[in-house]
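Protein chains: 2
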Amino acid sequence: MNIDTRIILVNTTLPANIGSAARAMKTMGLTELVLVAPKLFPHFDASALASGASSVLTNARVVDTLEQAIADCQLVFGASARSRTIGLPQVDARTAGMAAYAQQQANAKVAFVFGREDRGLSNEELQLCHSHVFIPTDSEYGVLNVAAAVQVIAYEVRMAHLQQQGATENTMPVQLVPWDEELVSSEDMAQFYAHWQQTLEAVDFLDPDNPRQIMTRLKRLFGRTRLDRPEYNLLRGFCKRVLAMANGQNQRSM
Amino acid sequence: MNIDTRIILVNTTLPANIGSAARAMKTMGLTELVLVAPKLFPHFDASALASGASSVLTNARVVDTLEQAIADCQLVFGASARSRTIGLPQVDARTAGMAAYAQQQANAKVAFVFGREDRGLSNEELQLCHSHVFIPTDSEYGVLNVAAAVQVIAYEVRMAHLQQQGATENTMPVQLVPWDEELVSSEDMAQFYAHWQQTLEAVDFLDPDNPRQIMTRLKRLFGRTRLDRPEYNLLRGFCKRVLAMANGQNQRSM
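Going line by line, the protein sequences match chains U and Z.
Going by the working numbering, the first sequence opens with residue 2, and the numbers climb by one from there.
Going by the working numbering, the second sequence opens with residue 2, and the numbers climb by one from there.
No lab work stands behind these hints: they were computed from the structure.
Hints are not guaranteed to be accurate.
One copy or two, it doesn't matter: identical chains are merged, so the pair holds either way.
Claimed, not checked - The calculated lysine-lysine pairs, modelled on DSSO-like cross-linking and capped at a C-alpha distance of 30 Å, are:
1) K241 x K40
2) K220 x K110
3) K110 x K40
4) K220 x K40
5) K241 x K220
6) K241 x K110
Build the full structure now, drawing on both the sequences and the hints.
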């Protein structure tokens with residue numbers, strides 16, 4: 002899924018950061034990179050850090066000013082630390098990701114702008130943006146590396162896309178993972194517990210004062226686990242083996 | 002806000018990645034780093050890339066094995082690519098972040114484990130984890146740098162904390178119910194598996210053609226279940242009983 006969100010890096014000093022940002026973008030399906038007056042580009046470090054995302058660097062556009070980079074955009078987010086004296090509307094990364102998705106559905110071109118390693122974006126540059134986006138960092142130390150910031154923003158843009166796409170099919174993607182083996186039925190489990198009880202009795206492992214306590218615990222345990230077929234067969238095979246041994250021993254001691 | 006989630010890096014080759022991971026952690030309020038057999042540490046590159054997060058490196062613990070790193074943990078997530086042939090439950094980063102929050106509210110120690118730059122985690126290492134966590138990457142190029150992966154996970158853990166704190170009323174604390182019994186640690190589970198293996202051998206229940214297959218299945222089963230203390234004691238008591246019987250029988254047949 003190619004996501005049509007532009008990433009703009011302004012005046013980046015280290016080519017390694019450009020490469021890492023390109024990689025971060027591509028892992029999330031973003032491919033459009035614009036570099037505003039980078040100090041060194043192209044450069045070996047950028048290519049090395051881009052790893053499998055060299056196509057993003059190859060296709061990157063280099064321009065002189067931020068105005069040029071955002072000329073065709075309808076929605077521009079400027080990355081900034083959380084509070085600025087000159088306030089523009091500030092949204093967090095998650096909200097911005099969802100806004101980017103919604104705007105792109107309306108065919109708007111969306112860009113995220115990231116500033117210099119040491120000083121971020123200037124006030125003039127921030128004023129060219131429609132909105133400021135912040136990543137909710139710790140108050141004690143909040144300085145993300147520029148490529149790490151690109152990673153988080155690109156991740157949120159992608160998550161917004163995935164969630165909206167999932168939502169169209171009426172799915173609840175949380176926690177229900179596809180399993181690679183058949184899950185057993187409640188009927189299977191009834192036999193399973195009967196088999197265990199028989200086994201526990203055979204090896205004298207039921208508490209005489211409270212014989213049902215142990216079965217209750219086992220039911221709680223395996224009930225929340227949901228056994229698949231191989232696990233089920235394994236545990237029943239084990240019970241069978243223990244039972245056979247216990248019966249053999251009982252015969253011998255008779 | 003200091004977030005009590007442990008980050009574990011296994012066999013990291015480049016010290017720069019350790020430094021970048023430390024920085025990523027600290028921006029999100031995570032400070033507890035454990036390094037399993039790093040190639041080079043301490044190292045100048047790690048300190049340089051950590052930037053303002055040098056305290057995370059200073060306090061990092063270096064151990065020899067993943068078992069040591071997770072010994073006191075109740076919930077361990079292993080970072081992995083999306084699909085593996087031997088599947089453990091897989092959750093995405095957002096769900097894992099929420100689970101980490103919920104578990105920590107119940108005083109469980111939670112860790113996220115990240116593998117080598119080139120090969121990630123081994124199957125054995127993944128089996129030590131209760132759950133696998135993936136970052137929903139693009140199908141065309143899904144390889145995040147390890148520090149970038151730490152950044153996304155730490156971000157989601159932080160977001161889960163912030164959201165729960167922000168929404169003090171009327172919240173749905175996500176699927177994980179508080180448990181009424183102490184959950185056992187990874188160290189407990191290592192002893193548990195050793196005990197089971199001994200028991201299975203004593204009753205001749207290991208497949209001679211593939212002796213590790215059964216243990217792999219059991220680890221997958223109990224790994225996703227997460228045993229509480231009474232269940233743990235029950236199953237160990239049962240193993241003890243079966244073992245005693247098997248040994249008694251063996252003596253008798255001698």
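Checked hints:
| no. | hint | result |
| --- | --- | --- |
| 1 | K241 x K40 | neither (41 Å within a copy, 48 Å between copies) |
| 2 | K220 x K110 | both (20 Å within a copy, 26 Å between copies) |
| 3 | K110 x K40 | within (27 Å within a copy, 45 Å between copies) |
| 4 | K220 x K40 | within (29 Å within a copy, 46 Å between copies) |
| 5 | K241 x K220 | both (19 Å within a copy, 20 Å between copies) |
| 6 | K241 x K110 | within (29 Å within a copy, 37 Å between copies) |
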